[in-house]
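Visitor: Read off the chains here:
Number of protein chains: 2
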Amino acid sequence: MQTLVAIGGGIKWKNPVILQEFIQRAGGAKAHIVILPQASREEDTGKFYQNEFKKLGVKNPIALEFTQRINAEHASHIKAIRNATGIFFGGGTQMRIAALLGGTKLEDEILQAYHRGAVVSGTSAGTAILSTLMLAYGKPGATPREGMAQFSPGLGFTTKIIFDQHFRERDRFGRLAYAVSMHPGMLGVGVDENTAAIVTNDSLITVAGSGAVTIVDGKELVDTDTPEITSGSKPVSISGLKVHILTHGCSFDIKKRKATLVKKFSSDD
Amino acid sequence: MQTLVAIGGGIKWKNPVILQEFIQRAGGAKAHIVILPQASREEDTGKFYQNEFKKLGVKNPIALEFTQRINAEHASHIKAIRNATGIFFGGGTQMRIAALLGGTKLEDEILQAYHRGAVVSGTSAGTAILSTLMLAYGKPGATPREGMAQFSPGLGFTTKIIFDQHFRERDRFGRLAYAVSMHPGMLGVGVDENTAAIVTNDSLITVAGSGAVTIVDGKELVDTDTPEITSGSKPVSISGLKVHILTHGCSFDIKKRKATLVKKFSSDD
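Same order as they appear, the protein sequences are chains A and B. Start counting the first sequence at 1; every next residue gets the next number (this note's numbering). Start counting the second sequence at 1; every next residue gets the next number (this note's numbering).
Heads up, some of the hints might be wrong.
[What the hints assert, rightly or not] Now the in silico label distances, taken between C-beta atoms and shown as ranges:
#1 GLY117(B) with LYS242(A): 32 to 38 Å
#2 LYS234(B) with SER233(A): 17 to 23 Å
#3 LYS59(B) with GLN112(A): 44 to 50 Å
#4 ASP225(A) with SER239(B): 37 to 43 Å
#5 ASP253(B) with ASN71(A): 37 to 43 Å
#6 SER203(B) with LYS12(A): 37 to 43 Å
#7 LYS264(A) with GLU220(B): 33 to 39 Å
#8 ASN71(A) with SER231(B): 28 to 34 Å
#9 VAL262(B) with GLN112(A): 44 to 50 Å
#10 PHE265(A) with THR230(B): 40 to 46 Å
#11 ASP202(B) with PRO235(A): 35 to 41 Å
#12 LYS12(A) with ARG170(B): 48 to 54 Å
#13 SER203(B) with PHE265(A): 40 to 46 Å
Hints listed in this document are in silico derivations from the structure and should not be mistaken for laboratory results. We put the beta carbon where it would ideally sit given N, CA and C, even for glycine.
Start from the sequences and build out the full structure, keeping to the hints where you can.
Guide: Now the structure itself:
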């Protein structure tokens with residue numbers, strides 16, 4: 001089974017249930033976790049994640065520490081990926097990951113690990129990088145506008161999804177809707193902080209965590225003027241976008257384009 | 001065999017050798033050519049290409065005429081694609097094609113036709129659309145700068161290549177180098193006017209026509225600050241890009257990243 005655990009950033013370190021979910025899926029106490037901290041420029045990011053994973057019961061989590069392309073393909077890095085049952089991309093700037101890993105043997109190995117069943121997870125920038133086409137940077141706002149989203153190539157664990165992260169916290173509905181209107185076959189998946197969109201076999205999305213995952217589906221899009229507006233940050237018009245807001249336990253079938261809710265009920269007074 | 005004939009625009013209609021190349025590869029006199037004119041907003045674009053293909057000996061070229069997503073999946077369109085040995089995307093604005101076809105059954109059928117061996121060609125916008133990640137619009141210039149390229153999702157006949165077109169004529173080296181620096185595993189292929197990059201089995205590029213195809217290869221890229229520059233149209237630095245300029249008959253092996261030149265000699269006086 002192929003599994004992505006795409007976390008929207010803002011992990012609550014005091015009780016990181018979504019990281020536990022990742023560890024569980026990667027083998028629990030037997031998990032071999034490899035951390036890629038390259039999105040961050042802080043020197044201790046790898047160590048930080050290592051410590052957090054240790055606190056959660058992972059034995060010997062490995063952080064691949066390199067900041068130059070020439071060091072990406074080191075034999076010890078390749079070996080660590082080949083042994084991994086879980087691979088975790090930390091937060092920071094997603095383009096750093098693509099520029100450092102893109103086209104290297106390490107990238108190949110990570111993709112192969114995913115296809116043989118290693119669980120791949122990321123938070124924030126580490127979530128953006130999971131798709132073939134990623135949102136590199138942009139502007140906030142609820143209304144889709146020209147120029148609010150800059151795309152770039154990600155690592156390509158899924159070709160069907162465009163992820164966005166810190167979704168509600170940074171007001172990113174507009175840029176995700178803009179992205180989907182450009183090619184309505186893509187599925188926009190906006191992940192809130194401390195929340196994960198768990199994608200299995202590139203076909204089912206399940207939500208875990210304290211926030212929501214917003215699905216922006218363009219499959220039934222009727223019309224848009226996005227292609228006509230190529231300057232001036234003007235708002236674009238779009239008709240027929242379908243949107244689902246999914247919370248913990250809810251799911252979305254990518255092939256059938258069907259959401260299944262798990263309703264929560266407040267306890268009566 | 002899978003074949004893409006990616007034309008850089010500016011076809012010389014008096015003697016369109018690169019279109020003849022496409023027709024030949026699609027079956028010559030027996031070719032069933034289907035035209036998609038959706039990138040253009042001119043009403044007679046489909047008819048124009050039909051006439052040109054007829055002049056070149058194609059019997060009954062079919063133009064799929066529709067301007068709304070709801071009409072993309074018409075049974076006659078699906079049937080035409082299923083019978084096609086050659087599919088041709090006309091010029092205009094590439095985002096129109098993605099917004100109209102993306103996520104429709106027609107897009108699926110065209111991708112299937114490509115995989116069973118129908119030759120897929122495009123000119124200008126019709127070339128941009130061929131890759132998973134496309135250059136949607138941007139600014140000219142030889143120096144790569146932040147914000148000079150806007151990417152969006154294409155139709156995805158190849159995940160490895162980013163095409164650019166009118167390459168020399170519109171001074172687009174900078175934006176293609178910028179694109180490749182974002183993910184050095186991508187191969188930049190800049191096609192001049194009246195020139196074609198012919199891609200077979202996603203592994204070999206052969207050049208035909210009167211201009212050049214510029215290959216921008218990031219595989220051996222050493223370092224770049226592209227990820228750090230996200231505003232202000234500032235120039236970016238990149239070390240280790242490899243560039244090949246290929247003319248008629250030259251080729252490039254995508255796996256081996258190796259160019260083979262066919263040298264031309266001016267006749268002696």
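Visitor: All hints are to be evaluated individually against the structure, with a verdict given for each.
Guide: Going down the list of hints, with the structure as the test:
1. GLY117(B) with LYS242(A): 32 to 38 Å: holds, 35 Å
2. LYS234(B) with SER233(A): 17 to 23 Å: holds, 19 Å
3. LYS59(B) with GLN112(A): 44 to 50 Å: Because 47 Å falls inside the window, the suggested range holds.
4. ASP225(A) with SER239(B): 37 to 43 Å: holds, 41 Å
5. ASP253(B) with ASN71(A): 37 to 43 Å: violated, 27 Å
6. SER203(B) with LYS12(A): 37 to 43 Å: violated, 47 Å
7. LYS264(A) with GLU220(B): 33 to 39 Å: For GLU220(B) against LYS264(A), whose Cβ atoms are near 53 Å apart, the range 33 to 39 Å is violated.
8. ASN71(A) with SER231(B): 28 to 34 Å: Roughly 29 Å apart at Cβ, these two residues keep to the hinted range, so it holds.
9. VAL262(B) with GLN112(A): 44 to 50 Å: Since VAL262(B) and GLN112(A) have Cβ atoms about 36 Å apart, the given range 44 to 50 Å is violated.
10. PHE265(A) with THR230(B): 40 to 46 Å: holds, 44 Å
11. ASP202(B) with PRO235(A): 35 to 41 Å: Hint holds: Cβ distance 38 Å, inside 35 to 41 Å.
12. LYS12(A) with ARG170(B): 48 to 54 Å: holds, 50 Å
13. SER203(B) with PHE265(A): 40 to 46 Å: violated, 57 Å
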